[in-house]
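Read off the chains here:
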Amino acid sequence: MTEDTLKVFIDGVVRYFQHTSHKEVKVGAPYLVDNRQPASFDYTGIIGISGPYRGTVYFTAPRALLSHLLLSLGEQDTSTGNILDLVGEVANTIAGNARAAFGHEFMISVPVMIEGAPSQIQLPVDLRSYVIPVSWKSYQAAVVICLEGV
Amino acid sequence: MNYLNLWEATVIDILIGKYRNIVVSIALFLLLDASVLMLNFYISFEIADDAAGVNLAGRQRMLSQRMVKSTFDLDYALKQSLDPAPPREELRTTILLFDSTLNAFESGGNATAADGTPIYLEAASTPAAKTAIADANAIWGPYKQRLLNVVDADHTEMAPALAQAILYARDNNLTLLKLMNDLTIELESVASSKATRLRWIQTVGITLAVINFFIILFHFLRQLKESDRKVEQARQETVEILETVNEGLFLLDKEYVISSQYSRALEQMFARENLGGTSLQALLGDLISDKNLSTAKRFIALLFRDDIKSALIGDLNPLKQVEVNISSEQGKFVTKYFCFTFERAYDEGEIANILVTVLDITDRVVLERELALTREQNERQIEVLTSILHSDPRALESFVQQVFEAVERINRILREPSRSSVALQKKATDIFIEVHRIKGESSALGLESFEDMTHEFESVIHTIKEKPEPAGDDFLPLVVRLEKLYKHAESVQAMTVKLGQFSGKRLDKTDGAQPHLGWAELNALCSRIAERQGKKVGLVLQGALPVGLADAHDQLVRDFVLQTLRNAVSHGIERPEQRVPLGKPEAGRVQLSVTQNSASALEISVYDDGAGIDFEALKQKAVATGRFSKAQLDTWSEQKLSALLFEPGVTTSEHGLDAGGGVGLSMVREHVKTQGASVSIRSQKGKGTRFRLRLPVVESASAATVEEALGEALC
Amino acid sequence: MLDVMIVDDSNIIRRKIERSADRQFFNIVALARNGLEAVDLFQAHRPQVVTMDLTMPEMDGIECVERLVKIDPAVRILVISALSDVETGILALERGARGFLCKPFDDEQLNGALTELVEGLHD
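Residue numbers (our numbering), protein chains in the order written: chain A, 1 to 150; chain B, 1001 to 1715; chain C, 2001 to 2123.
Hints are computed from structural coordinates only; laboratory data are not their basis.
Ideal Cβ positions, reconstructed from N, Cα and C, are used throughout, including at glycine.
Some hints could be false.
Stated by the list, open to error - Which chain B residues stay away from chain C? Per the calculated CB distances, all over 10 Å, these:
1) Glu1106
2) Pro1118
3) Arg1170
4) Gly1205
5) Ile1211
6) Asn1212
7) Phe1218
8) Ala1311
9) Arg1589
10) Ser1593
What the hints assert, rightly or not - Short derived list, chain B residues pointing at chain A, Cβ under 7 Å:
11) Val1239
12) Tyr1256
13) Asn1325
14) Ser1327
15) Glu1405
16) Arg1409
17) Asn1411
18) Leu1414
19) Gly1472
20) Asp1473
21) Phe1475
22) Val1480
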């Protein structure tokens, strides 16, 4: 795992927010988190990665951020369905960015969206994930990356 | 493996057998039909002839009566003086027609049909007909003569001739009519018997055809059923095989199209359905690279070429082991390893298809990988091992623990919310302190791997610190290093645990090691040495050991503390049996004091309540090095003599294991010289010895002390 | 007895094949160190069987296979090469070689491959 690999995923998120009216998105200092306690906010979009690196990358955000994001995109309907759509969109952007950066050697899955505690995020318990906090307006979200090198 | 091939061959065999029988049966059927038809044709011609005969015979009856009528018409015309010509001509025509027809019936020949066309008549053949004709001829001869006389007579002779003819006609007309009737009936009966025969022939023919049809039908049906049964059985077997085999099986044709039948396992393996009729590309397109797919196609194309020896190209199979990533419903990829094998499937000696077998070899590959990984890890571990073999396992253990704690602290620092670049700068600084501490420790313990890692870590922090306005993602390389450090500490820890398990002895072997400077470690060190020498000792720490000194100072402090403690226990403290008579407590006391007198001076002293320096023994040792003479030394004060302890090769120790072998204290002296520090020794016979180190404090990175470190470890 | 030509730039491999080939069936008539030499020697001796290395100086195995097959379409060529490049192996077969043997090989593998290669061929 190198910082460049991490950067690819973070760039995906940053790129997404840069499409919004409030472009200013800040990446916080990254840190590690034990996989036995996967970190997450209210909604999470997960993509699976496979190839020279394999594992999971997810974007997780609180409802408030996503609602606000929806509004800033001109969408008045902030129902859960739309929120999930949005979190999936962000995950998709991350996946697209990763695909472009890594080439066909990597397989990147279609995003899976989850509401609530991500018990479905299967992470190898003996590893740690990288958490990269992202702040947009006054909200906090995060990109969580857990990749094993092969 | 060639299930499908076998199955096809069976089907072909069955079909050939079936066709032979059906072809024979149909040929027979056609032959029979043709012969019946020909017979029918022939007889129907005969019947047609007979019908003409019957018609003409019937006409003879009519003609016989018309002749009579014509004679009467003529008679009437004569009596009434009418023109006799029309009845006479009619009579003539009738005579000629009757005569010619009768002749034709008798001996065969042409007659005139009703429409005036000539018609050939066979001579009547049956006895009854012959008799009737003969009898008719007997009557007809004279009758005809008489009639001809009438017809040929001139006007005057006609009446008598006519009278004669009428007379004859009156006597014989009915007989002649009857004979002609007999002939007609006879001919009719002949015709009817022929028709009956034809019907019989037709009936028999049709019956035979029907029988043949049923024979064919039953035979064919039975065979068909039988072959169907065999095909079904074969199909069942194939299906069963295809349903149950664990391998993915399918046939590929020259266009790389997948056969309609394939094993169920194939669908499961590829998590796809309805593969029949799709192409290899559709199956593998998004699982393997385009290049790999095209190579595979080229390889398969080679297999379709019969000049290439299939047994000799197995090594070129590009799909012998392919990694595929099958997506699951969870959006997660499952990585599998498949092994494709290709075999030719022949049909009538020609390569018809390629039988493809797909094996899931994931378990095998994973195992191989794990073995390779284990091997690699082992090699890496051995590298680390060689470095830690030189260290004290307990010290190492506590060091690793410290690394974990430091990593945790660094992670905590990273995690704290920080919006401004100033806050991020502070983070970098705080992290640097933690990393630097670990670096110092690792270099003290001689753990190069940790030293390298932390060094790299430090340079990453420097890069961040150099940025005027660092941002969050500038910390990415840092967190990557942090993870690495964590992992490395984990593997070292795992190894020390293992080491501790197989070698308890090793725990005592502290020689050459650089134990961590914690109270626990130092106490353990003293206890071990004391135990080995049959002594009892208690270590007392006064003040706090400095942590985070500049590297060189740190090393000096470490060396000084370790060497003087060793010296105190080994040479200073007496055995209990020596101490007790002197009125001393059984256990010796070693005191380590650290005092910071001012902001710039640090004083560390090690004191023991032992026997003090044995100057006589010291002199002897010094003389033994050859560098000093006895006479010279005798003039020296104790103060000066004690400095000999710092001379290389001079030691009062008899025990090689616990003292520095004369190197330890001299090493300290080297450092003291270069660091601008000073060392002093004070010894009082029977009372004890004090070593004291004074050093100027160079700006330290952290004021953390042993206590603080211990305190944190306990929390 | 079938005439065999060995084409390989390595002395050791040439000698190994020469030593290993079963003399009951195979008669080594020529040894070539590169593609060019192979073409000349092939024209001179007209062997029925050729063992061919792929990576050689002067003229590589692929081109050599092509040239030999052009001279005699019935020639049976066995490519003997390391398995570093499956693509090249396949290319050699596409150009007219009949089989492929992977280096390293033992005597049994070599003779097995040669026997399989000449199957259906009469001397």
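Right, here's what the structure says about each hint:
With a least CB separation of 86 Å from chain C, Glu1106 of chain B remains clear of the 10 Å interface cut-off, as annotated. At the 10 Å boundary, the C-beta of Pro1118 of chain B stays outside the reach of chain C, the nearest C-beta of that chain being 80 Å off. For Arg1170 of chain B, the shortest C-beta to C-beta distance to chain C comes to about 108 Å, beyond the 10 Å cut-off, and the non-interface label holds. Here Gly1205 of chain B stays apart from chain C, with its beta-carbon at least about 58 Å from theirs, past the 10 Å limit.
Interface exclusion of Ile1211 of chain B from chain C stands, the closest Cβ pair being 54 Å apart, more than 10 Å. Against the 10 Å criterion, Asn1212 of chain B stays outside the reach of chain C, whose nearest CB is about 50 Å from its own CB. At the 10 Å boundary, the C-beta of Phe1218 of chain B stays outside the reach of chain C, the nearest C-beta of that chain being 48 Å off. Once the 10 Å rule is applied to beta carbons, Ala1311 of chain B is inconsistent with being away from chain C; the minimum gap is 5 Å.
With a cut of 10 Å on Cβ distances, Arg1589 of chain B stays outside the contact zone with chain C, its closest approach being about 72 Å. Separation of Ser1593 of chain B from chain C is adequate, the least Cβ-Cβ distance of about 69 Å exceeding the 10 Å criterion. Checking Val1239 of chain B against chain A: minimum C-beta separation of about 34 Å lies over 7 Å; hint violated. The closest approach between the C-beta of Tyr1256 of chain B and any C-beta of chain A is roughly 21 Å, which is over the 7 Å cut-off, so the hint fails.
Annotation: interface hint on Asn1325 of chain B holds; nearest CB of chain A at approximately 4 Å, less than 7 Å. Against a cut-off of 7 Å between C-beta atoms, the interface hint on Ser1327 of chain B holds, since the closest Cβ of chain A lies about 5 Å away. Residue-level restraint check for Glu1405 of chain B is violated (minimum Cβ-Cβ distance to chain A is 14 Å; threshold 7 Å). Among the interface hints, the one on Arg1409 of chain B is violated; its C-beta lies about 12 Å from the nearest C-beta in chain A, farther than the 7 Å criterion.
Among the interface hints, the one on Asn1411 of chain B holds; its C-beta lies about 5 Å from the nearest C-beta in chain A, closer than the 7 Å criterion. A least Cβ separation of about 4 Å between Leu1414 of chain B and chain A falls short of the 7 Å threshold, and the interface hint therefore holds. With its C-beta approaching chain A no nearer than about 4 Å, Gly1472 of chain B sits inside the 7 Å limit, and its interface hint holds. The interface hint given for Asp1473 of chain B holds, since its Cβ lies 4 Å from the closest Cβ of chain A, which is under the 7 Å cut-off.
Residue-level restraint check for Phe1475 of chain B holds (minimum Cβ-Cβ distance to chain A is 4 Å; threshold 7 Å). For the restraint placing Val1480 of chain B at the interface with chain A, the shortest Cβ-Cβ distance is roughly 5 Å, inside the 7 Å limit, so the hint holds.
The structure does not agree with the numbered hints 8, 11, 12, 15, 16 stated previously, though it agrees with the rest.
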